[in-house]
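Chains as they are written, first to last, in numbering that gives the first Met the number 0: chain U, 0 to 251; chain R, 0 to 251; chain E, 0 to 251; chain H, 0 to 251; chain W, 0 to 251; chain P, 0 to 251; chain A, 0 to 251; chain L, 0 to 251.
Certain hints may be false.
Taking beta-carbon pairs under 7 Å as the criterion, some of the chain A residues facing chain L (in silico) [stated by the list, open to error]:
no. : residue
1   : G74
2   : T127
3   : S128
4   : G206
In short, the hints are calculated from the structure, not lab data. No experiment lies behind these values; they were computed from the predicted model shown. Even glycine gets a Cβ: it sits at the ideal position worked out from N, Cα and C.
Number of protein chains: 8
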Amino acid sequence: MNDRDVKEMLQAVRDGAITPEDALLRLKTAPFTDLGFAKVDLHRKLRQGAAEVVYGAGKTPEQIIAILRELRANGQENVLVTRLDAESAEAVCREVGLTYHPDARIAVMGNAPAPDGLGKIVVATGGTSDIPVAEEAALTAEFLGNEVVRLYDVGVAGLHRLLSHTREIMSASVVIAVAGMEGALASVVGGLADCPVIAVPTSVGYGASFGGISALLAMLNSCAGGVTVVNIDNGFGAGFAASRINHMEAKR
Amino acid sequence: MNDRDVKEMLQAVRDGAITPEDALLRLKTAPFTDLGFAKVDLHRKLRQGAAEVVYGAGKTPEQIIAILRELRANGQENVLVTRLDAESAEAVCREVGLTYHPDARIAVMGNAPAPDGLGKIVVATGGTSDIPVAEEAALTAEFLGNEVVRLYDVGVAGLHRLLSHTREIMSASVVIAVAGMEGALASVVGGLADCPVIAVPTSVGYGASFGGISALLAMLNSCAGGVTVVNIDNGFGAGFAASRINHMEAKR
Amino acid sequence: MNDRDVKEMLQAVRDGAITPEDALLRLKTAPFTDLGFAKVDLHRKLRQGAAEVVYGAGKTPEQIIAILRELRANGQENVLVTRLDAESAEAVCREVGLTYHPDARIAVMGNAPAPDGLGKIVVATGGTSDIPVAEEAALTAEFLGNEVVRLYDVGVAGLHRLLSHTREIMSASVVIAVAGMEGALASVVGGLADCPVIAVPTSVGYGASFGGISALLAMLNSCAGGVTVVNIDNGFGAGFAASRINHMEAKR
Amino acid sequence: MNDRDVKEMLQAVRDGAITPEDALLRLKTAPFTDLGFAKVDLHRKLRQGAAEVVYGAGKTPEQIIAILRELRANGQENVLVTRLDAESAEAVCREVGLTYHPDARIAVMGNAPAPDGLGKIVVATGGTSDIPVAEEAALTAEFLGNEVVRLYDVGVAGLHRLLSHTREIMSASVVIAVAGMEGALASVVGGLADCPVIAVPTSVGYGASFGGISALLAMLNSCAGGVTVVNIDNGFGAGFAASRINHMEAKR
Amino acid sequence: MNDRDVKEMLQAVRDGAITPEDALLRLKTAPFTDLGFAKVDLHRKLRQGAAEVVYGAGKTPEQIIAILRELRANGQENVLVTRLDAESAEAVCREVGLTYHPDARIAVMGNAPAPDGLGKIVVATGGTSDIPVAEEAALTAEFLGNEVVRLYDVGVAGLHRLLSHTREIMSASVVIAVAGMEGALASVVGGLADCPVIAVPTSVGYGASFGGISALLAMLNSCAGGVTVVNIDNGFGAGFAASRINHMEAKR
Amino acid sequence: MNDRDVKEMLQAVRDGAITPEDALLRLKTAPFTDLGFAKVDLHRKLRQGAAEVVYGAGKTPEQIIAILRELRANGQENVLVTRLDAESAEAVCREVGLTYHPDARIAVMGNAPAPDGLGKIVVATGGTSDIPVAEEAALTAEFLGNEVVRLYDVGVAGLHRLLSHTREIMSASVVIAVAGMEGALASVVGGLADCPVIAVPTSVGYGASFGGISALLAMLNSCAGGVTVVNIDNGFGAGFAASRINHMEAKR
Amino acid sequence: MNDRDVKEMLQAVRDGAITPEDALLRLKTAPFTDLGFAKVDLHRKLRQGAAEVVYGAGKTPEQIIAILRELRANGQENVLVTRLDAESAEAVCREVGLTYHPDARIAVMGNAPAPDGLGKIVVATGGTSDIPVAEEAALTAEFLGNEVVRLYDVGVAGLHRLLSHTREIMSASVVIAVAGMEGALASVVGGLADCPVIAVPTSVGYGASFGGISALLAMLNSCAGGVTVVNIDNGFGAGFAASRINHMEAKR
Amino acid sequence: MNDRDVKEMLQAVRDGAITPEDALLRLKTAPFTDLGFAKVDLHRKLRQGAAEVVYGAGKTPEQIIAILRELRANGQENVLVTRLDAESAEAVCREVGLTYHPDARIAVMGNAPAPDGLGKIVVATGGTSDIPVAEEAALTAEFLGNEVVRLYDVGVAGLHRLLSHTREIMSASVVIAVAGMEGALASVVGGLADCPVIAVPTSVGYGASFGGISALLAMLNSCAGGVTVVNIDNGFGAGFAASRINHMEAKR
């Protein structure tokens, strides 16, 4: 509910069309349905410009099924379920029609829209082990209406592999740089690209990689301009933020 | 040098217009001038779409003066010097014309261009102590051609202060959320806004704020969509990235 | 044994009613029974004003059964067993009558008393994944004689969900704010409420949430007044402390 | 503004007493005055039941003076300024009438009210070096209308010193346990007292005390019931929370 | 080989009793037998005054059996095997005669000698969960010729339980204080005892106990005199060091 | 492709032997084959002077088989696969001829060449538990053409064991010191040897060894000259770097 | 007050020699004098077998002078003041007769007694920078009646320097090993000595020594038997504990 | 003393040329002179193949002067003093002839020898702020007989600057990569070079660079082969190790 809605409702109050009590109630309870264990946010699409996303980790299959049904009952046909392990996915898919991507642990209800962004989103990874996180980012971005170019295994230790893709990087609208270990990919890509770069540290590595902390710190300290960072392994967050950037419009 | 430049040069080689040796040299040495202690990057504006920025920390006033002169000698009139303490600023200003902002520790050579972005960049802070970092972000964004709206001291502990500015946040093109202590501002703003949000943790706080680590971790873990994070106190990085986003264009 | 008890006993010594040797013994051995592996504290109810609580983690079912029997043999009918996994619970329940709550991993011997606190304790969570910890807090509080209001899944990323419950929060006697990830719930609730707020960080999250450290640090750094913090996932501790606060009496 | 206020205002709208536009404005702008660098919150006393507190760190004397004058101009006579170093205090006192406590780095405008809490708040410290933090807690509590009992230098390494004060601890309404180094005071006090205990880790110590982290961790892990924790050196927070607890009333 | 041994051998060289080559060989190869994967140290008893101890973790049953046989073949009848899990213990016991203590994960070959120390070693624990580590310490000490008094579950949250054992603590030769969570036991015992206290942090606890780090830090920061610390869960190290102290002799 | 290759190609362009377009293509695509999920680097042997190494962790057996076949199809007969668990190894070996070393989790395709280094590489370990990491280093070094001397279980707590091998250490070309726990081996070896020493911390240990961090920090802080460090458990990296050093040649 | 004292007093109560009220008072208030800011513990010498020690850090010269006078007034002639900086020392010495050791920041009132321990305490350091901490340990031990042997700058990187002192180490009663950086001295000394070894990490070093953490961790992980650890830079604690060990007596 | 020396001496003992007592003494006391506060190691040049190096930090000018004189008196003409601040340097230079390099905080006694290594050592830095550490490395290497090529300010954010120096890197004997912030330089250089690469993290940066930890972790996690790491800011260690590698000889 934005200012205009409130004002209209206040005028209805003045006109006697609705009582003050009703207005108070409306102010408070409108935007979501309460399932007891979760508030399903039916107005978020309107408010944040995104289809609904359900964070699957820590929810039982039964809870996820209930949420999906509630959403569909309210006309929300396109839903992305993230962090859904294979076992839960199977249970959910038996009840609700979903397409499941086991690598990225993502399930999609409905269809990805035709791409309508400003340009292409490049998703690059340092190694093959980073691919699951990259796929989470790529599928999220596609689900939100973006064309995605995948550049996998272009880590800086073999610099020529990355340099051979300079053109894709230079012409991208947004680059998502996914890397574990020393996380240098973000800096090098940030030095090559002239668009926003979103860095995703991954928990790939061993020893002093500390489950992604090394890559995270390296990316936060990148001396290349235009690089911002999301949480370790947070492919979804990167894809979501990249989509917002790729759908920027003039606001004047 | 992009692919097209290389191809043209290669054709000149074929035509005998330039020798292979010259071509090799050109491939390598063109883009910067070597001052011995620093490579001044004269082509970066072209390559990254930004006016030149000089990172002032760890450089002597003499080094900064030399760099500024070299840049000006190559036609670069607009330069931003960041992390410049008051004492160094005075020394530099005596030799080169600069406007110095002591709060943000930023000096500007030349003029900020007229704003030409997609919309406004909102810079919000949790408290008054976060203002220096916020000013670094705001001045950077203005220098790079953006209109900036400042919302200072709107931390979540007095939620109504923030909510009274919902309209500005809802209509922003990009929001930069600057906060120390528990860093909750990023999450709350991220829940309100439907545009990209760049979170800047600050080293404001005491005890277990650990020089900004608490705020950094909170921001990385934000469950609000579209939030990305830069390094602690990195107002410049946030302003730079926000400007890139605010200048997005269709690339097709 | 408080000062008065000691003084009475000393008078009995003077009167020859008890020997000095007996008095010494009484001073030392009265308050607990020794089972070899655990000191069962039979006087704690008196001393700390609480029914007995047994910390189940790290104890075998046999040890727990022995403790419960000892307590019952001494007239302690109401006992709470925390951190009891499902398997151990089953073994214990076969021998001793208990009600087991698998979510919260809590077993109750006896009955929760009628609520006799100053007001209601609100238990709020940021997401659905925080519910097990919240239930540990809620069941503990109910067992100790408090009325509990549950507000689950009201995290700050969807601020309106929380704001729609402003009345409950404003009228609470104590609020327990349970949240993982960025832990911002405590700050926002702390800004809304005018009663004591106990923040419980949970280990929910991934990447740089570091098993609850991010939420813990955020809560410790909360700039909202009246917020205190307990250990990660320590629902019991929060419920216990909230109950003490909700049973405050004038001491003059 | 609570529900009742909104409802009254909505009825005034219905009655035509105020226009919808005015109502909207009132909803948003009422609670604070904007000084540019800080939002002075004039309604907080109403909303949170506390006199105003100004966090002095990171504010210039000029800013503090302006805030104090604005508050006084709005009828707020009693203000506490925390984290105010001696130099700033002198500058502020020249302009505004204040009582300054250098140990606790606290300045008070107005008078502490007569104690009206449920009982006494005991402030205990492990050593003499913890006294400044303890004084911050004690003065805050007194300013908010509490009677305070100081038990300083009663650390657990000389257990009899603490035990000789068992009566004060047993009869307290709230205990604030302030300790650095190994922070064991909170656990021992928590085992003795039957009231809420607020633990304040201090940065006193050296080596592996890590500026208070050791004490903080120890206090969070206290196995004594009813103990909650605030940030390192956060005497103010402890005093504020203790005062809220000591002013609990029946809410039914 | 100490100085005297070397000097004797050098005199034998001078006397022609042994050749220089043999002397060189003796200097180098005497003290251990090489099994390829482990150097079995046959002279350590002499050199360090202890029966042999085999660290079982990370060794296969076959390796342990080979080491035990080699030791026995060289006349070493009394051997302690630490960190031996139940499965390996079973495999080893089938081949070599051993007494296995599953709690402490210790196996003993041979017999513990009659106690011949200066006094008793008290092993105290904060809770029942600390018992396995305490048993590792106690069995080690007994194996090395010490009388051990066990005081289990005497944590500081129920201070009277500990105080009722003041006599044992006051009359101990060495106290080993074993505790997890906040580790306060070491400080309180250190304040009561007038003998050396060895603190053993355990990994018991949850949340911010961080696998024993909290207890470790608390113990290192103990303000009680005479307290030293060993590694987390290192019951063996504590028992070994306590035994050395309990066997001190005049060296003049 | 080095400078000379580029220059030759540029001359071929001038001579009309190849077109500029082809030259551009060659510059970019030559050095690797794209398998979709991994860039197989066929020129690395030339470029870095090493046979190919495949990092097995995080790759499926199918991916590893495909990479090995591609490499063999391009004439690369000698390949080392690291971090390959037993189960995957079995699957891969069924399809491709490999020798598997389960301790070191290394598989070798082809044969180790005859040693052609400057001297011997000594691999020393502190204990028997460090052997798997040491074997990873030793097998890597042998595969790359080095003679290896193994000195296992020579930790500093039994200093004479190490000192009895002084000759091997003094005459080594490179020493790899592998140790967990306190990592002191590197310092002591570094004090004895006059050749480069590469320290490998291992995750062996418990409690405050923190998975190798203690050993890592100790090795980084070694006050012995000539010691450099690789990541925790990174036997491969140590063997690879040692081989490079052992194959140094005059470059003048 | 031990059991016997209590029993005697109880008998006096029975005999009517003292009233119960007096007995209660005596139980509580006997052992210390209250200066307001510090409890001066006049009975500690009796209770803990040590002369009084005053921890100087965080106390003003005035407070220290008052404590020293109170102690002297109660017959305590020998007092050690630790962590006393030069400036405070000067102020204190003007009022009270003290001998000040600037290196160790220790001041002594009275005289060190003639050594009466079991043997010698060896204090060894890794480098010259560790000497101040070592002197704190050595002076403390001497003040408490021990003969001390100083072995400075015998770090493991020059192993022969340490080995040339094997005799002193072998014949010590207790060894205090003081080292920063990688802290390996403790392990090597622990392997040589057959007496208790107390390790003191120092904050000497740079980079990843992290103010002594590296040395602390290394020492905690020492695989040599009989090594225990005190806090970083805690020379006093090491000297105090070593003295207790060196004064062990039979307790049977 | 190596095996041969011992054997010769033993034969001299047999021949009666020296007494056993003398032999024992010689074994122990030969290699250094004792100044009381420091053991000056006069044989290290022989033993480790390096001229003497004095670590200046934590030593007084007087101590350094005494050490230098002792060394010179024993014929050691070439000495390097590291970590010597300007003030101490001035004091030392007044007494002993030294050349001081203020950037690198290094003083040299004597002359650097003519380069006699296998090739050139390249010292590269990411930025201008890393130069002091790089100079420490470069001057150390030159002092030890190496030719050094300096490539400063070639960080990866401007990748073309680094690539324009590919030839120098490809032809180096050893590369020392010095970088702060995200430390990516080591990985990129490691991918380009086919020689040993020594990475030096620097404490340059701010926020989450944590005084060099970010760079350190990134370098340890480098996925490029042949990279080893030294401590933060340890330019000396890198130069020393590089020199050893550059002076490798066949040992067969």
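Contradicted hints - numbers only: Structure breaks hint 1 only.
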